[in-house]
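> Single-letter residue listing:
2 protein chains.
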Amino acid sequence: MYKRRGLLIVLSGPSGVGKGTVRKELFTQPDTNYEYSISMTTRSPRVGEVDGVDYFFKTRAEFEDLIEQGKLLEYAEYVGNYYGTPIDYVDETLDAGRDVFLEIEVVGAAQVRAKAPNGLFIFLAPPSLLALQDRLVGRGTECSDVIASRIQKAREELEMMNLYDYVVENDEVSKACDKINAIVVAEHCRRERVEKRYLRMLRGE
Amino acid sequence: MYKRRGLLIVLSGPSGVGKGTVRKELFTQPDTNYEYSISMTTRSPRVGEVDGVDYFFKTRAEFEDLIEQGKLLEYAEYVGNYYGTPIDYVDETLDAGRDVFLEIEVVGAAQVRAKAPNGLFIFLAPPSLLALQDRLVGRGTECSDVIASRIQKAREELEMMNLYDYVVENDEVSKACDKINAIVVAEHCRRERVEKRYLRMLRGE
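Order-wise, the sequence lines are chains G and D.
Quick note on full-length UniProt numbering: the first sequence kicks off at 1 and runs consecutively.
Quick note on full-length UniProt numbering: the second sequence kicks off at 1 and runs consecutively.
Bound-form chain G, shown alone (with noise of 0.2 Å):
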């Protein structure tokens, strides 16, 4: 019978734009209806962190041993430890008709999007975009070099961004979280998505 499939939802966006406060403000919300998807690191632990809830926690030779075996939806090193989502508890997730949300580097969500390109991508940009307005509009007193520096880091981002379907400005973190739930419901009533509903349906499936 016919079962509508989950959203698969990416946020990311430089780093130090503010990803993991967003994406905790989120998941205190009552109403939120998406299943957080918890990580797969190689690093120790902290203080207070919990085998899965914060992370599950792995061995170096255990991780590479996902990898192997194509268990891992993305994946990167930082500074000598590895990061990676499973593709279980996701693929599991979204056939259960259940949304599931990533928060992770631009580098996995690249990742991602090779391997999902039906998903919701959404990238977090820092405030520069008005911020640079004021600045371009002379409002401000900085000097040349100043302004230069920011039109280069805005033409990074525009850059980064590409790969993405929707861009949310940082500005507030209570603004970005209802612009994110603001697009996972428009998504969901996206015509292609609600004609294959259609179709499958049509066809019994």
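Put simply, identical chains are the same to the list, so a pair is met inside one copy or across any two.
Straight-line alpha carbon distances no greater than 27 Å define the calculated DSS-like cross-link-like pairs of lysine-lysine that follow:
{"hint": "1", "residue 1": "175", "residue 2": "196"}
{"hint": "2", "residue 1": "153", "residue 2": "196"}
{"hint": "3", "residue 1": "58", "residue 2": "24"}
{"hint": "4", "residue 1": "71", "residue 2": "24"}
{"hint": "5", "residue 1": "71", "residue 2": "58"}
{"hint": "6", "residue 1": "115", "residue 2": "24"}
{"hint": "7", "residue 1": "71", "residue 2": "115"}
{"hint": "8", "residue 1": "58", "residue 2": "115"}
{"hint": "9", "residue 1": "175", "residue 2": "153"}
Treat the hints as calculated values from the structure; they're not laboratory data.
Remember, predicted model here, so these are calculated numbers, not experimental data.
Put chain D on the given structure of chain G with help from the hints.
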């Protein structure tokens, strides 16, 4: 100086689906942020209807002059009367950076799509998807003729919605309004739109 242009929002769908009810509900919400584009018609005002509020009332000659001059974004004739959308109001409001909301028939929506491909097109669908699903899984006791005609209707709706970006099922007016509001928020975050704003700003427009 750079100025963000408003979004053209078009709500349409099969006749009888409840477009007018949903539109009225949207515009009674205190935080609605769209400008409603008042239609023009050659039909006579009904009791209580006010020129410039409910419609712009015109004679047939005036209406046809406006068609000639290209002053209508879309128009159609129903039971001997013209109905249409004056283009100037739409353009001026969009240029002022405000979103404009049209609630029109599917024939008109097709004309708007051709002229304003960047608009946001929402198809309001009867809640037949769910109803159909119930029937297909055999929960009901309806005869196969009824089921066949439902399937036929679903196929027609599918064909019709091909032109649209989003499909909102009108199962409940307030839920449909919530979805439409979410879609507008999301659409302002779509990467292509944000990118365009960024680029225009960097070029100093």
